[in-house]
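Visitor: Read top to bottom, the protein sequences are chains A, B and C. One point on numbering: in this note's numbering, the residue at position 126 of the first sequence is 126, and numbering is uninterrupted. One point on numbering: in this note's numbering, the residue at position 104 of the second sequence is 104, and numbering is uninterrupted. One point on numbering: in this note's numbering, the residue at position 231 of the third sequence is 231, and numbering is uninterrupted.
Keep in mind the hints are simulated off the structure, nothing from the lab. Glycine included, every Cβ here is placed at the ideal spot set by N, Cα and C. Please note that a few of the clues may not be correct.
What the hints assert, rightly or not - Partial selection, computed: residues in chain B whose CB lies under 8 Å from chain C: (1) Gly22; (2) Gly23; (3) Arg24; (4) Arg28; (5) Gly29; (6) Phe99; (7) Val201; (8) Ala204; (9) Thr206; (10) Asp208; (11) Phe209.
This is what each chain is made of:
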Amino acid sequence: MTAIRAVLMRDLRLAWRSPQESLTVIGFFVLAALLFPFGVGPEPQLLARIASGVIWTMALLAALLSFERLFQFDHEDGTLDLILLAPAPLETTVLAKCLAHWLTTGVPLIAASPVAAIMLNLPTDGIPVLLAALLLGTPSLSLIGGIGAALTLGARRGGVLLPILVMPLYVPVIVFGVAAVEASLAGLTARPHLLLLAAILAGTIPVAAIAGAAALRQSAE
Amino acid sequence: MATPMTPPRATLSARGLACLRGGRLVFRGLDLDLAGGEALTLRGPNGSGKSSLLRLLAGLLRPSEGQILWNGATIDADRDAHRARVAYLGMADALKPSFTVAENIAFHAAIRGAGEAAARQALTVVGLAPLADMPARRLSQGQRRRTALARLAASDATLWLLDEPTLALDDAAIAMLGRMLGVHLQTGGMAVVATHVDLPVASAGTIDFGAAR
Amino acid sequence: MQRFANPLRFKRLSGALLPWTSTATLALFAAGLWLALAASPRDYQQGETVRIMYVHVPAAWMAMFVYANLAIASAVALVWRHPLAEIAARAMAPVGACFTALCLVTGSLWGKPMWGTWWVWDARLTSVLLLFFLYLGYMALANAFEDEARGTRAASILALVGAVNLPVIKFSVDWWNTLHQPASVSRLDAPAIHPAMLTPLLVMALAFMAYFATVLLWRIEAALAERRVAARRMLTEAGPSSPALRR
Numbered sequence: 001m002t003a004i005r006a007v008l009m010r011d012l013r014l015a016w017r018s019p020q021e022s023l024t025v026i027g028f029f030v031l032a033a034l035l036f037p038f039g040v041g042p043e044p045q046l047l048a049r050i051a052s053g054v055i056w057t058m059a060l061l062a063a064l065l066s067f068e069r070l071f072q073f074d075h076e077d078g079t080l081d082l083i084l085l086a087p088a089p090l091e092t093t094v095l096a097k098c099l100a101h102w103l104t105t106g107v108p109l110i111a112a113s114p115v116a117a118i119m120l121n122l123p124t125d126g127i128p129v130l131l132a133a134l135l136l137g138t139p140s141l142s143l144i145g146g147i148g149a150a151l152t153l154g155a156r157r158g159g160v161l162l163p164i165l166v167m168p169l170y171v172p173v174i175v176f177g178v179a180a181v182e183a184s185l186a187g188l189t190a191r192p193h194l195l196l197l198a199a200i201l202a203g204t205i206p207v208a209a210i211a212g213a214a215a216l217r218q219s220a221e
Numbered sequence: 001m002a003t004p005m006t007p008p009r010a011t012l013s014a015r016g017l018a019c020l021r022g023g024r025l026v027f028r029g030l031d032l033d034l035a036g037g038e039a040l041t042l043r044g045p046n047g048s049g050k051s052s053l054l055r056l057l058a059g060l061l062r063p064s065e066g067q068i069l070w071n072g073a074t075i076d077a078d079r080d081a082h083r084a085r086v087a088y089l090g091m092a093d094a095l096k097p098s099f100t101v102a103e104n105i106a107f108h109a110a111i112r113g114a115g116e117a118a119a120r121q122a123l124t125v126v127g128l129a130p131l132a133d134m135p136a137r138r139l140s141q142g143q144r145r146r147t148a149l150a151r152l153a154a155s156d157a158t159l160w161l162l163d164e165p166t167l168a169l170d171d172a173a174i175a176m177l178g179r180m181l182g183v184h185l186q187t188g189g190m191a192v193v194a195t196h197v198d199l200p201v202a203s204a205g206t207i208d209f210g211a212a213r
Numbered sequence: 001m002q003r004f005a006n007p008l009r010f011k012r013l014s015g016a017l018l019p020w021t022s023t024a025t026l027a028l029f030a031a032g033l034w035l036a037l038a039a040s041p042r043d044y045q046q047g048e049t050v051r052i053m054y055v056h057v058p059a060a061w062m063a064m065f066v067y068a069n070l071a072i073a074s075a076v077a078l079v080w081r082h083p084l085a086e087i088a089a090r091a092m093a094p095v096g097a098c099f100t101a102l103c104l105v106t107g108s109l110w111g112k113p114m115w116g117t118w119w120v121w122d123a124r125l126t127s128v129l130l131l132f133f134l135y136l137g138y139m140a141l142a143n144a145f146e147d148e149a150r151g152t153r154a155a156s157i158l159a160l161v162g163a164v165n166l167p168v169i170k171f172s173v174d175w176w177n178t179l180h181q182p183a184s185v186s187r188l189d190a191p192a193i194h195p196a197m198l199t200p201l202l203v204m205a206l207a208f209m210a211y212f213a214t215v216l217l218w219r220i221e222a223a224l225a226e227r228r229v230a231a232r233r234m235l236t237e238a239g240p241s242s243p244a245l246r247r
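Using the sequences and the hints, build the whole thing.
Guide: What follows is the structure, given as structure tokens:
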């Protein structure tokens, strides 16, 4: 348990001391979302119609920016070898890394999403559900991205490769994330969609732990 | 240093090891035997397989052929136990530039389950206590290496696997490493060291990777 | 050395099977194409367009069948580090990707006359498109490392993660599609099947299967030969050292 906490606290402290990483992700997210009105025109109805989809897609793309470095630095400076040799189970260490990633990129994205929602004219009724959906969905993005980051460690052009690997795996999250907001805007309950997002998260945790640990182990060989 | 005595003396041996890296056969048919209290030196040119052997012994790599035995049992049988008995010092120092010396050492102690006290004591052993609050990015190469050596002092592992431990160290620091190794071996520990310079402790044997080529 | 082993057993097996599978491929394709293009009736609704189904549907089946095999071979390769499973997984991925691409292209060709557009976000087609990305990811990852063995292991893990996720992806795409169902379109699907259409469909499916077996055996043989050459070069040219302990 100390080992897990040590990894989590270290990653949070590293992110705190060099916050440009998290700021880049948020900056990309907000700027990219704000480019849409220039692309499709500023009619409020049209923007309201596409807002939830735009926010989810841009959150996903912004998250993709940050995965390459999730294990890269530890790999390059030799820390990863020592994490692999530590007695703590690697599976839980992977989860700790993904949790740290979510806290330093997912949570800031959620915090920035109301700004994007308002500027894209998403009806304010939809914002609470959008936040709830992001809260349940973005941890899955961090976990799946963690698998991709572990798999592409040391690969040629790993940064280009990673989006290809994780894109199909992201589809369920984006589908239910957008559906939750649209349901609430149509006056229906968002509950089933939110529950499905929670179910995906519950299923992704063990998959990411096992696959991520296996990927890291073989990366040292 | 709290290296536990393991009576009777622990043994590490390898039988017919072969190592295949990136489609190249680095070495094959390698045997070795080492008992508690002994140190083994690895010599040879770059790329001859010294580092690969250390990673094999650590369990980071898997041999393409052959076996590694601890007290006569293959290390594959219980990899968790093997990880707990190994302290590995690679060529890289594994330091975070924005962390202080003390924070770096404390992190590595914590992931091996050692407490704050062990980390603080290790800092004194390698003579870095005055630099404890200095960020690692401002350290010299030799100071960085000494910070990495503090990991060994903080661990209670039986088997030290050291890849060029004297890299960038001055004479005083090499003597300090010699003292650390001496204590480690006296308390029943063992060490396998890849090095270009003579070790400051008596070596029980040498594997020369350049000889057969 | 297991990796260098000359898998004679496989060579004997593939030597015995290949004449049969290659002959079967030719015969079944000849019969299947004749049945599909000439001997079967036109559809009263779709007209001649229905004949695309005889390629499209077996290609879709094969896309899924090959991915299932890829996942099994990957699991065997990871758990037992069996060299033949590693080679087989690498060998079948591009074949599966081709079936998937064929399914997408024929779906698009069918869509033009039926829907009036080359691409419709139909639930099945979308799922196949995502499956195609899983194949692309597998192949890109398998070839992204200097060390081929590294690539195989990483890609095997990806194949298993993909296999676990496929039902979820399929479910989410179906859900998404029913939410955004446009005005009723005729589905890209084997329509209520008349026996006159079932026979050519099954013969074509068998032909695809025989083709897959033949190509897979060829590719594995080629990969084995390549490995043998590399192993021989490694052992003769370099003359690896056997460092010995001197006390």
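Visitor: Look at each hint and say if it fits the structure.
Guide: Verification of the supplied hints:
no.: 1; hint: Gly22; in the structure: holds, 4 Å
no.: 2; hint: Gly23; in the structure: holds, 6 Å
no.: 3; hint: Arg24; in the structure: holds, 7 Å
no.: 4; hint: Arg28; in the structure: holds, 5 Å
no.: 5; hint: Gly29; in the structure: holds, 4 Å
no.: 6; hint: Phe99; in the structure: violated, 30 Å
no.: 7; hint: Val201; in the structure: violated, 15 Å
no.: 8; hint: Ala204; in the structure: holds, 6 Å
no.: 9; hint: Thr206; in the structure: holds, 5 Å
no.: 10; hint: Asp208; in the structure: holds, 6 Å
no.: 11; hint: Phe209; in the structure: holds, 5 Å
In summary, the structure is inconsistent with hints 6, 7 from the numbered list given earlier, while agreeing with the others.
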